[in-house]
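Given only the sequences and the hints, what does the whole structure look like? Please build it.
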Amino acid sequence: MIVKESIARDLLRLVVWYPLRWLVEILPLGLDFKLLRFIGDIHYFVQNKKTNIILKNLRSVFNARGLQEADCLRILRNYYRNHYVSQLQIFIFPKLNEKNIGKIHRFTGLENLNEALKGKKGCVLLHAHFGPAQLPLHALGIEGYSVTQLGLPTDEGLSFVGRNVAFRLRLIYENKIRGRIISTESFLRPLFKALKNNDIVFMTGDGAGGNKFIGKSVVENFLGNETKFTLGSKIIAEKTGACVLPLFTVQEGDTYITHIYESLNPDGSCENIISDFSRIFESHVTNYPSLWHFWDEFDKRIVKKSVS
Numbered sequence: 318m319i320v321k322e323s324i325a326r327d328l329l330r331l332v333v334w335y336p337l338r339w340l341v342e343i344l345p346l347g348l349d350f351k352l353l354r355f356i357g358d359i360h361y362f363v364q365n366k367k368t369n370i371i372l373k374n375l376r377s378v379f380n381a382r383g384l385q386e387a388d389c390l391r392i393l394r395n396y397y398r399n400h401y402v403s404q405l406q407i408f409i410f411p412k413l414n415e416k417n418i419g420k421i422h423r424f425t426g427l428e429n430l431n432e433a434l435k436g437k438k439g440c441v442l443l444h445a446h447f448g449p450a451q452l453p454l455h456a457l458g459i460e461g462y463s464v465t466q467l468g469l470p471t472d473e474g475l476s477f478v479g480r481n482v483a484f485r486l487r488l489i490y491e492n493k494i495r496g497r498i499i500s501t502e503s504f505l506r507p508l509f510k511a512l513k514n515n516d517i518v519f520m521t522g523d524g525a526g527g528n529k530f531i532g533k534s535v536v537e538n539f540l541g542n543e544t545k546f547t548l549g550s551k552i553i554a555e556k557t558g559a560c561v562l563p564l565f566t567v568q569e570g571d572t573y574i575t576h577i578y579e580s581l582n583p584d585g586s587c588e589n590i591i592s593d594f595s596r597i598f599e600s601h602v603t604n605y606p607s608l609w610h611f612w613d614e615f616d617k618r619i620v621k622k623s624v625s
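Residues in the sequence shown are numbered consecutively from 318, following our numbering.
Hint data in this document are derived by calculation from the structure and do not stem from the laboratory.
One or more hints might be untrue.
[What the hints assert, rightly or not] Derived DEER-like restraints, expressed as beta-carbon distance ranges:
id: 1; residue 1: 321; residue 2: 435; range: 46 to 54 Å
id: 2; residue 1: 377; residue 2: 431; range: 24 to 32 Å
id: 3; residue 1: 437; residue 2: 363; range: 45 to 53 Å
id: 4; residue 1: 620; residue 2: 437; range: 37 to 45 Å
Note that the Cβ used here is the ideal one computed from N, Cα and C, for glycine as well.
Spelled out as structure tokens, the structure:
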């Protein structure tokens with residue numbers, strides 16, 4: 318979710334990155350996530366222009382699928398809950414370890430990952446801005462895997478408080494993740510080196526916030542509309558021979574479950590990687606709509622067809 322800069326947002330940042338951050342760090346595991354979801358509830362009850370945009374986009378997809386207004390409001394409330402968990406989960410990461418992470422997270426499909434790594438060409442875990450996106454990265458690091466995330470950390474357009482408080486402290490906390498984060502705007506030599514070392518690389522397929530797509534993209538049908546998907550994973554797979562496995566984290570009660578799917582290119586063919594991923598992605602958004610991060614800009618992501 319993209320939020321515009323304002324004095325109110327700066328005041329909220331100061332609350333989040335100081336007293337709230339300290340409170341989350343000392344709360345028992347489990348209660349910390351509940352607190353972040355509660356903040357989402359507060360946001361839900363503060364009606365604003367953003368709420369109207371999100372609801373409009375939800376209705377455009379789900380009303381045609383038979384969902385009633387009450388269903389869209391339930392999705393909206395959970396969307397706000399997920400937003401705060403996804404943005405502030407890094408406060409919780411330093412206290413997660415081999416002994417306690419099972420209380421809030423587990424994997425399915427690790428055998429698919431291990432099978433892909435037998436090829437000794439590394440593995441790309443292709444995911445989306447869906448659920449607590451950095452949790453599986455940290456969890457795999459705790460499990461002993463060598464992981465690298467391709468991301469886009471930037472302070473572009475942020476206020477003074479945004480740059481010097483939120484962004485600065487976020488980088489400090491992201492450095493505590495049990496994995497390495499490299500920028501899509503830097504030299505990608507570390508990414509190729511990681512795959513050469515048979516490591517795991519996390520890449521997103523749905524672009525970045527603000528409807529940004531780094532590098533080449535392709536249009537696929539998604540939720541009944543034509544939208545863009547990044548081609549980076551396909552290009553990397555073609556250049557390195559790495560397997561590409563979809564990864565999605567869903568929420569069941571108070572537990573997050575990360576599903577790692579079978580390789581999209583087990584025979585080396587990369588032709589259908591993006592289209593196959595988009596179908597798996599769509600099924601997750603349909604079943605767990607509140608976990609996708611970009612409902613506030615869904616209408617802007619639709620590729621308009623030119624009229625000849």
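Consistency of the hints with the structure:
| no. | hint | result |
| --- | --- | --- |
| 1 | 321 / 435: 46 to 54 Å | holds, 48 Å |
| 2 | 377 / 431: 24 to 32 Å | violated, 41 Å |
| 3 | 437 / 363: 45 to 53 Å | holds, 52 Å |
| 4 | 620 / 437: 37 to 45 Å | holds, 38 Å |
Consistency note: the structure conflicts with earlier hint 2 alone.
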